[in-house]
Amino acid sequence: MSFTLVTGCKSEKKTSSENIHQDTITTNTSTGIAKDADSQKQITKLPVIDTITVLHAFKNATITKQFGEDVNYNIKDELSGSIFDSERPILIGDLNGDQLDDAIMPFTIEGRDGGNNWDAHYAIFINKNGKLNYQYSFNRGADLAETQTFFKSIENGVVKGVVEPGFHYADGESTPVSFRYKNNRLSEVPATSKTK
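Counting with the working numbering, you get residues 8 to 203 for the letters of the sequence shown.
Hints listed in this document are in silico derivations from the structure and should not be mistaken for laboratory results. Treat the hints with care, as some may be off.
Said to hold, decoys possible - Derived CB-CB ranges, DEER-like:
#1 85 / 198: 38 to 48 Å
#2 175 / 120: 13 to 23 Å
#3 159 / 103: 12 to 22 Å
#4 176 / 198: 16 to 26 Å
#5 197 / 84: 33 to 43 Å
#6 92 / 179: 26 to 36 Å
#7 182 / 94: 18 to 28 Å
#8 182 / 84: 32 to 42 Å
#9 171 / 117: 15 to 25 Å
#10 181 / 91: 17 to 27 Å
#11 180 / 94: 20 to 30 Å
#12 182 / 92: 25 to 35 Å
#13 94 / 138: 22 to 32 Å
#14 76 / 103: 15 to 25 Å
As the list claims (entries may be wrong) - When the alpha-carbon atoms are kept at most 25 Å apart in a straight line, the in silico DSS-like pairs for lysine-lysine are as follows:
#15 135 / 72
#16 72 / 83
#17 167 / 138
#18 83 / 66
#19 167 / 135
#20 66 / 138
#21 189 / 135
#22 189 / 159
#23 72 / 138
#24 66 / 159
#25 138 / 159
#26 138 / 52
#27 159 / 135
#28 189 / 167
#29 189 / 138
#30 66 / 135
The beta carbon of each residue, even a glycine, is placed where N, CA and C say it ideally should be.
Please build the complete structure, drawing on both the sequences and the hints.
So, in structure tokens, the structure goes:
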């Protein structure tokens, strides 16, 4: 199935002597590839990365061997605990500088070994041609951890957030942190270079 999109037309009445310029783009909706009718250039339209896309990618990642190894989780073993992905915010933005939206998905694993403790992580996804590929899980703290990391935004390739005291360490202070994605991992940006 294809359709033609015509742009550049004005609603006012034209005389026969006026030159009407129309830009015509034909798009094949089954492939998402568009062709400019005048130049026959192919314009690839990539899928939009939104919350539903991230949740779908996360669900697929949780059943992979790599995910299990990253967070010591076996989806078939009841004592591995239960994954909860209802936390927010899910962050969407360019992490690796390729002008495509990547994603960071927060989740927790609760009830390991039948207990009531939990550990928290961020699943990191990189966009490859419109598809989110799971990279690894960033450990952001646990029930008994001294500190926990909370990411708030992705701005110009920098993940900004805060490190807060753990639930059992109320005397600590919150500290702003920034991370960059490099060498397939999030690395903290030293405080002296955060403004550069």
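Against the structure, the hints come out as follows:
1. The supplied range of 38 to 48 Å is met by residue 85 and residue 198, whose beta-carbon atoms lie about 43 Å from each other.
2. As the Cβ distance of residue 175 to residue 120 is approximately 19 Å, the hint placing it in 13 to 23 Å holds.
3. Our hint of 12 to 22 Å for residue 159 and residue 103 holds, since their Cβ atoms are close to 19 Å apart.
4. Checked against the hint of 16 to 26 Å, the pair residue 176 and residue 198 passes, with Cβ atoms roughly 21 Å apart.
5. Checking the proposed 33 to 43 Å range against residue 197 and residue 84 shows it holds: the Cβ atoms sit about 40 Å from each other.
6. Here the CB-CB span from residue 92 to residue 179 is close to 27 Å, well matched to the stated 26 to 36 Å.
7. Hint check: residue 182 to residue 94, Cβ distance near 21 Å, so the stated range 18 to 28 Å holds.
8. Between residue 182 and residue 84 the C-beta distance comes to about 36 Å, which sits within the given range of 32 to 42 Å.
9. For residue 171 and residue 117, the Cβ-Cβ distance of about 19 Å falls inside the hinted range of 15 to 25 Å, so the restraint holds.
10. Checked against the hint of 17 to 27 Å, the pair residue 181 and residue 91 passes, with Cβ atoms roughly 24 Å apart.
11. With their beta carbons about 23 Å apart, residue 180 and residue 94 fall inside the hinted range of 20 to 30 Å.
12. The hinted range of 25 to 35 Å is satisfied by residue 182 and residue 92, whose Cβ atoms lie roughly 26 Å apart.
13. Hint check: residue 94 to residue 138, Cβ distance near 23 Å, so the stated range 22 to 32 Å holds.
14. The given range of 15 to 25 Å is respected by residue 76 and residue 103, whose C-beta atoms sit roughly 22 Å from each other.
15. This hinted pair checks out: residue 135 and residue 72 have alpha carbons roughly 20 Å apart, not beyond 25 Å.
16. Our distance criterion of 25 Å between C-alpha atoms is met by residue 72 and residue 83, whose separation comes to about 12 Å.
17. Of the pairs offered as hints, the one joining residue 167 and residue 138 holds, with about 24 Å between alpha carbons and a cut-off of 25 Å not exceeded.
18. Between residue 83 and residue 66 the CA atoms are separated by roughly 15 Å; this keeps the pair inside 25 Å, and the hint holds.
19. Restraint check for residue 167 and residue 135: the C-alpha separation of about 23 Å stays at or below 25 Å, so the hint holds.
20. Our distance criterion of 25 Å between C-alpha atoms is met by residue 66 and residue 138, whose separation comes to about 14 Å.
21. The suggested pairing of residue 189 with residue 135 holds, with an alpha-carbon distance near 16 Å, which does not exceed 25 Å.
22. Taken as a hint, the residue 189 and residue 159 pair is honoured in the structure, with Cα atoms around 19 Å apart against an allowance of 25 Å.
23. Distance hint between residue 72 and residue 138 is fulfilled; the C-alpha atoms sit about 19 Å from each other, no more than 25 Å.
24. At most 25 Å may separate the alpha-carbon atoms for a hinted pair to count; residue 66 and residue 159 meet this at roughly 22 Å.
25. For the given pair, residue 138 sits about 23 Å from residue 159 by alpha-carbon distance, which is consistent with the 25 Å threshold.
26. The suggested pairing of residue 138 with residue 52 holds, with an alpha-carbon distance near 12 Å, which does not exceed 25 Å.
27. Restraint check for residue 159 and residue 135: the C-alpha separation of about 23 Å stays at or below 25 Å, so the hint holds.
28. Simply put, residue 189 and residue 167 have alpha-carbon atoms about 15 Å apart, close enough for the 25 Å limit, and the pair holds.
29. Simply put, residue 189 and residue 138 have alpha-carbon atoms about 19 Å apart, close enough for the 25 Å limit, and the pair holds.
30. For the suggested pair residue 66 and residue 135, the alpha carbons sit about 18 Å apart, so the restraint of at most 25 Å is met.
Checked against the numbered hints above, the structure violates none of them.
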